[in-house]
Amino acid sequence: VRKMVLDHDDADDITQEVFIKLHDSLKEFRGDSKFFTYVYRIAMNHSLNHIKRSSKINNRKVDLLKADLIRNNHIEENIDAKKKSSLLEAAISSLPEQQRAVFNLRYYENLSYDEIAEILNRSTGGMKANYFHALKNIGKILKRDKAYPGYEEILDLNTK
Amino acid sequence: MKKEELRNELPDFINGKVIDEKIKEEIVFLLKTDEEFKKYYDELSSSINFLSKAELNSPPDFYFNNLSAKINRKISSPEYKKVKPSWKKIFQYIAPAAAIVLIFIFLFFNNRDEANLDLRSNDNIEIETEKITEQKFEENKSNEAGQDMEIIKNDDREIRNSNSVVNRKSGNIASENLNNINIVEAENETGFYPIIDLDDNYLIEDEFESLPPNQQQEILYNLSKADL
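Quick note, the sequences are listed as chains X and Y, same order. Counting from 1 along the first sequence, just add 248 to a position and that's the residue number in our numbering. Counting from 1 along the second sequence, just add 277 to a position and that's the residue number in our numbering.
Calculated from the structure, these hints are not laboratory results. The C-beta atom is built at its ideal place from N, Cα and C for all residues, glycine as well. Treat each hint with caution, since some may be false.
[As the list claims (entries may be wrong)] List of simulated lysine-lysine pairs, PhoX-like, C-alpha gap at most 20 angstroms:
id	chain 1	residue 1	chain 2	residue 2
1	X	Lys391	Y	Lys316
2	Y	Lys330	X	Lys388
3	Y	Lys347	Y	Lys330
4	X	Lys384	X	Lys332
5	Y	Lys315	X	Lys391
[To be verified] Just a few of them, taken from the derived set where beta-carbon distance is under 8 angstroms, the chain X residues facing chain Y:
id	residue
6	Asp261
7	Phe267
8	Ser341
Generate coordinates for the entire structure from the input sequences, incorporating the hints supplied.
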């Protein structure tokens, strides 16, 4: 949830809501799917609903993050972990909802495509495509904004 | 595998998660031969490289220690307990009951409106029919009166002109025959319009031919002036 909504206070609220929802709907769980899939599905639904509700606020936050990064790059040559993390947050926030969900579940939670498909109620092939596009879009965002000069160096190294 | 499917396998290939040897070979082959595919590979490699170096802010250490306590407190709070069952009741019982009542009300009013409409339309039809019948009756009445008057005039003239008994008789026969025209209310297509029915055995041509020529001429003259 933290990786989905990025804001800590929002993540706290959503996490609580997820557990309360789980507590309420536990009787409805029929055991057709794994329990962790069930929990993830509730968490993802709550997170995606929150993202939909607060998409405008998120866009403003991404802009602020970018502005902050550009300002700091002029002062310091090396980018520290905090800046990288802010940059990553900005890139993830810019992703479409579904790509963001798939990216988090695959990259950070290390779930299989089949599990992600079950959580999001989509096809496995679609999840693979979403993950590919999510990574591609993160690269595009980083390159376009030039917020992270080191990124281009990495790109050059990889190309060579 | 199609190129698009192999392209979707690229992130796992870069992370070393692709197990299938055949897929690996196909990807390696495409990387050597396809420029576009190589471009995808470079872009994804850069993104994954960056991701491996950047970490998202993690929650403070004490966060998970407090989380379960926070949730338990919220679940057991009277505010939460009060609100929850009322909503449940609304959705489980009250909402379906309200829907059923609304459906009944709707059906009741709908049927009542339809019944009123039927009654109103029947009344209108009856009133219209009565009007038409009255009109027809009045028309027939005036026609009959006109015809009677004509016949009386004819008779007078005949008496005056010829004093002939035969003529008078024939005039009477004609008037009787005209009076014998029956107005019957028979059901035609609309079922309400009256139609004029003549006696089957009666032929006015025969009657006319039996009259003397001067009377025939007079009748024809009167008919041409009658403006029927």
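Going down the list of hints, with the structure as the test:
no., hint, result
1, X:Lys391 / Y:Lys316, "holds, 14 angstroms"
2, Y:Lys330 / X:Lys388, "holds, 17 angstroms"
3, Y:Lys347 / Y:Lys330, "violated, 34 angstroms"
4, X:Lys384 / X:Lys332, "holds, 18 angstroms"
5, Y:Lys315 / X:Lys391, "holds, 18 angstroms"
6, Asp261, "violated, 10 angstroms"
7, Phe267, "holds, 5 angstroms"
8, Ser341, "violated, 11 angstroms"
The structure fails hints 3, 6, 8 (numbered hints given earlier, in ascending order).
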